[in-house]
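Take these sequences, add in the hints, and give me the full structure.
Those protein sequences? They're chains W and L, same order as listed. The opening residue of the first sequence carries number 1 in the working numbering; numbering runs sequentially from there. The opening residue of the second sequence carries number 1 in the working numbering; numbering runs sequentially from there.
Check before you lean on any hint, since a few could be wrong.
As the list makes no split between identical chains, a pair holds if one copy fits it or if it spans any two.
[Stated by the list, open to error] 25 Å max Cα-Cα, derived DMTMM-like pairs, lysine to aspartate or glutamate: (1) Lys148 to Glu162; (2) Lys125 to Asp93; (3) Lys273 to Asp93; (4) Lys409 to Asp33; (5) Lys125 to Glu115; (6) Lys87 to Asp68; (7) Lys409 to Glu39; (8) Lys125 to Asp196; (9) Lys273 to Asp68; (10) Lys148 to Glu130; (11) Lys409 to Asp107; (12) Lys126 to Asp68.
Just so you know, the hints here were simulated from the structure itself, not pulled from any lab data.
There are 2 protein chains.
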Amino acid sequence: MTDDTIFEEERTLSSAADITALTRLLGQQDYADVATILESLPLEDRYLTWADIGLEHRLGILVVMRSDPREALIDSMSLLELDALFKGMDAEDLVELSESLPNRLIDRALSAMDEIQRHYYEGAKKYDDELAGHWVSHQFLSLPQNAKVRDALRLLRRELPEYIDTLFLINRTGGFSEAVRIGSVIGAPDHLPLTDLAEEDFTVINANDDATDASLKVQNSRFSALPVVDENSILLGRLDIGTASEIVNDYYEGRLMATAGLDEDEDLFSPVKTAAKNRAVWLGINLLTAFAASWFIGLFEATLQQVVALAVLMPVVASMGGIAGSQTLTLVIRGLALGQVNDVNRWALLRKELQVGAFNGVVWAIVVGIIANMWFDSFLIGIVISMAILVNIITAALSGALIPIALTKLRLDPALSGSVVLTTVTDIVGFVAFLGLGALVLT
Amino acid sequence: MTDDTIFEEERTLSSAADITALTRLLGQQDYADVATILESLPLEDRYLTWADIGLEHRLGILVVMRSDPREALIDSMSLLELDALFKGMDAEDLVELSESLPNRLIDRALSAMDEIQRHYYEGAKKYDDELAGHWVSHQFLSLPQNAKVRDALRLLRRELPEYIDTLFLINRTGGFSEAVRIGSVIGAPDHLPLTDLAEEDFTVINANDDATDASLKVQNSRFSALPVVDENSILLGRLDIGTASEIVNDYYEGRLMATAGLDEDEDLFSPVKTAAKNRAVWLGINLLTAFAASWFIGLFEATLQQVVALAVLMPVVASMGGIAGSQTLTLVIRGLALGQVNDVNRWALLRKELQVGAFNGVVWAIVVGIIANMWFDSFLIGIVISMAILVNIITAALSGALIPIALTKLRLDPALSGSVVLTTVTDIVGFVAFLGLGALVLT
Numbered sequence: 001m002t003d004d005t006i007f008e009e010e011r012t013l014s015s016a017a018d019i020t021a022l023t024r025l026l027g028q029q030d031y032a033d034v035a036t037i038l039e040s041l042p043l044e045d046r047y048l049t050w051a052d053i054g055l056e057h058r059l060g061i062l063v064v065m066r067s068d069p070r071e072a073l074i075d076s077m078s079l080l081e082l083d084a085l086f087k088g089m090d091a092e093d094l095v096e097l098s099e100s101l102p103n104r105l106i107d108r109a110l111s112a113m114d115e116i117q118r119h120y121y122e123g124a125k126k127y128d129d130e131l132a133g134h135w136v137s138h139q140f141l142s143l144p145q146n147a148k149v150r151d152a153l154r155l156l157r158r159e160l161p162e163y164i165d166t167l168f169l170i171n172r173t174g175g176f177s178e179a180v181r182i183g184s185v186i187g188a189p190d191h192l193p194l195t196d197l198a199e200e201d202f203t204v205i206n207a208n209d210d211a212t213d214a215s216l217k218v219q220n221s222r223f224s225a226l227p228v229v230d231e232n233s234i235l236l237g238r239l240d241i242g243t244a245s246e247i248v249n250d251y252y253e254g255r256l257m258a259t260a261g262l263d264e265d266e267d268l269f270s271p272v273k274t275a276a277k278n279r280a281v282w283l284g285i286n287l288l289t290a291f292a293a294s295w296f297i298g299l300f301e302a303t304l305q306q307v308v309a310l311a312v313l314m315p316v317v318a319s320m321g322g323i324a325g326s327q328t329l330t331l332v333i334r335g336l337a338l339g340q341v342n343d344v345n346r347w348a349l350l351r352k353e354l355q356v357g358a359f360n361g362v363v364w365a366i367v368v369g370i371i372a373n374m375w376f377d378s379f380l381i382g383i384v385i386s387m388a389i390l391v392n393i394i395t396a397a398l399s400g401a402l403i404p405i406a407l408t409k410l411r412l413d414p415a416l417s418g419s420v421v422l423t424t425v426t427d428i429v430g431f432v433a434f435l436g437l438g439a440l441v442l443t
Numbered sequence: 001m002t003d004d005t006i007f008e009e010e011r012t013l014s015s016a017a018d019i020t021a022l023t024r025l026l027g028q029q030d031y032a033d034v035a036t037i038l039e040s041l042p043l044e045d046r047y048l049t050w051a052d053i054g055l056e057h058r059l060g061i062l063v064v065m066r067s068d069p070r071e072a073l074i075d076s077m078s079l080l081e082l083d084a085l086f087k088g089m090d091a092e093d094l095v096e097l098s099e100s101l102p103n104r105l106i107d108r109a110l111s112a113m114d115e116i117q118r119h120y121y122e123g124a125k126k127y128d129d130e131l132a133g134h135w136v137s138h139q140f141l142s143l144p145q146n147a148k149v150r151d152a153l154r155l156l157r158r159e160l161p162e163y164i165d166t167l168f169l170i171n172r173t174g175g176f177s178e179a180v181r182i183g184s185v186i187g188a189p190d191h192l193p194l195t196d197l198a199e200e201d202f203t204v205i206n207a208n209d210d211a212t213d214a215s216l217k218v219q220n221s222r223f224s225a226l227p228v229v230d231e232n233s234i235l236l237g238r239l240d241i242g243t244a245s246e247i248v249n250d251y252y253e254g255r256l257m258a259t260a261g262l263d264e265d266e267d268l269f270s271p272v273k274t275a276a277k278n279r280a281v282w283l284g285i286n287l288l289t290a291f292a293a294s295w296f297i298g299l300f301e302a303t304l305q306q307v308v309a310l311a312v313l314m315p316v317v318a319s320m321g322g323i324a325g326s327q328t329l330t331l332v333i334r335g336l337a338l339g340q341v342n343d344v345n346r347w348a349l350l351r352k353e354l355q356v357g358a359f360n361g362v363v364w365a366i367v368v369g370i371i372a373n374m375w376f377d378s379f380l381i382g383i384v385i386s387m388a389i390l391v392n393i394i395t396a397a398l399s400g401a402l403i404p405i406a407l408t409k410l411r412l413d414p415a416l417s418g419s420v421v422l423t424t425v426t427d428i429v430g431f432v433a434f435l436g437l438g439a440l441v442l443t
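Shown next as structure tokens:
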């Protein structure tokens, strides 16, 4: 019972401290930080706190929240509360929330929207959420191609959307033609055609471009937003640097979580059952590979019985290979993600990684060999483990370079599956090389 | 020799294809993509290509490049070329390049700058590169606190810097007072004081704030830049969303590379010697932990000799613990990085992770127990491995939650050292639990 009392106390404390912070952040409309605080609360606390947050803030908070915790909060809301939420919603909000909403609620939200927002929503939904077209914003300023500076100035007097530093010029068919910096319009002569001020070589995003690549383009463009066009060059909207940054950050979080077989949306305090289920798959996959490695060890039972030192040293061989391989793997996965590894340079890369592997293989083979020799007072054991380490580190370099390239060709995500495949290879090669050599030399 | 010919051919191909792309990208001043291409070239090719790139493009490219490849290119340049580079450089460029420049070249660059840029550079250097003050940009628009709309409009007619959507109002002592959206200035009456249009609760960054936290604030602010002030509230400059995105992306890359003991600046084609050295440290640390685990296995040599099945199944126990632990570890490290894990909720988090661990521990203990029982036709081996798996998965949950929290308290980076410590614990606990129980029950 003492334990429970402690937790009760903690919970009350947590709420009290957070509520002061929350009130301040809500006042500043700092919804990202509010979302972070909510996500950091254990479930019961989170529901209680959520119930206290005014309806006017809720949409802003939900939109920036990770989808797992968001889903739980949406589930906790009554239909009346949801209707209030839907009232203030535009197409982009619904696109963001749609993955957390069941279809009947999406329909309900759509019927609360006006025609144009519904149209925008249908447009975004034509593109998968991995594509730039899904994330288009319709808050932009555009003018016909033949507009003059004076027209632009009139437009600028209206309320400007966020992240705006250019005006888009559109041709007669609705196609994007050029972009003009707002900075160059202010102060220019009234009658000047805007095309005279247009940017040269302005980057345009295709709606079918990968969303992360497109977002990196926006971040590197030094503009606050880039236009997004469909396959007929029709201007659909723009991708602004705020949205782009969210997409890039989600992408990186996804890759970090993938290293442990987790999803970027995983809730810090998801219900135990959900969390356990999410993780069980990864443990199951890993169990298969672990048993595969064990099966190979099992082939050498007789040898292990005769030379028990092999059983003692076995994990060293496997683990050195695993670490060396994961270094190459991590470097190559990053290179692939950045578009730095391609069909042309991959042989040069493989050669370099093999050289690095050979170098470290020799160094650590000698070190481990000497230690093993001294530990078990056997020159032969030293030789056997040296050879096994050398073989495994070189195999690891080879696998670390080739596995992610092969997985990418097979359209599998190397960030997710690369390390499992790699570890399986380095475990099996490590055990077989070590025990096999041991069987040959020592028995 | 055949091998070498293939590589020669590849190299020529690579250069030919890339040079067309490079010429186009240089024309668009898309320096980020140029940097990516250069980084993807093997070293000799990279030097050759670099020599072909016009001096006018070089600064732009170097500034966006990762520091390892950048350093190599700078080393390849003559003093004459470097002087040409330094001529066009402002304080922010030098701050960016300074980590790749030896001190004598920094002095040379400084002496080519005018007084004010030198002053800016000294200002930035007062702050470590982990702090927001280091990354301040001086390209901003400011007016005295009592300025009117008409003053702002006059200012806006000058060339606007990138990523500008607000004007900063400064008080008499140079302190930041308020921010006004450019959008609300255009179209407002000429005589209106700007303070009437000022934003409420505008976020201000302190120069001593952590650079990544500050950058995330900029990304979440929905503004293109936020002001940075020193400890006396004096306005030093601003942090724009372009720089903020670079800082955040570097941070994520650093965390991804840290999972393999690598640096985010690691060059895809660093010289073999450098690469091998960079990685050797991590392999060495890992070797120590692997030998520690082996030492514990060695305590059970007699048991292993009697029941060789234990040697065969040993890796399964260790690996299930390692995977389960890394799942908790990854979740907690992310929570710590996002500021979601704090002194108050960490007990609730630990309790949840222990429950998840207990759940998966029981499930996988049963599965592994049944498989082991069938494989070795021994009920006792099944029981022993079941118990060991259960103990190790629960230990893993406990360690995965507590290790990163403890490392953070010790001011160590859990992203770098967390997984090594965790694997050591799960390996040792796994081996000792399994072999220890085996010794008790089976011999």
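For each hint, the structure was consulted:
1. Lys148 to Glu162: Both, since 23 Å and 23 Å are each at most 25 Å.
2. Lys125 to Asp93: Cα proximity of Lys125 and Asp93: one copy only (13 Å, versus 42 Å across).
3. Lys273 to Asp93: Classified as neither: same-chain Cα gap 30 Å, cross-chain 52 Å, threshold 25 Å.
4. Lys409 to Asp33: between (40 Å within a copy, 23 Å between copies)
5. Lys125 to Glu115: within (15 Å within a copy, 55 Å between copies)
6. Lys87 to Asp68: Intra 23 Å, inter 52 Å, cutoff 25 Å: intra-copy only.
7. Lys409 to Glu39: between (37 Å within a copy, 22 Å between copies)
8. Lys125 to Asp196: Neither, since 36 Å and 42 Å both go past 25 Å.
9. Lys273 to Asp68: Result: close within a single copy only, 14 Å intra versus 45 Å inter.
10. Lys148 to Glu130: Answer is neither: 38 Å inside a copy and 46 Å across each miss the 25 Å cutoff.
11. Lys409 to Asp107: neither (39 Å within a copy, 49 Å between copies)
12. Lys126 to Asp68: within (24 Å within a copy, 42 Å between copies)
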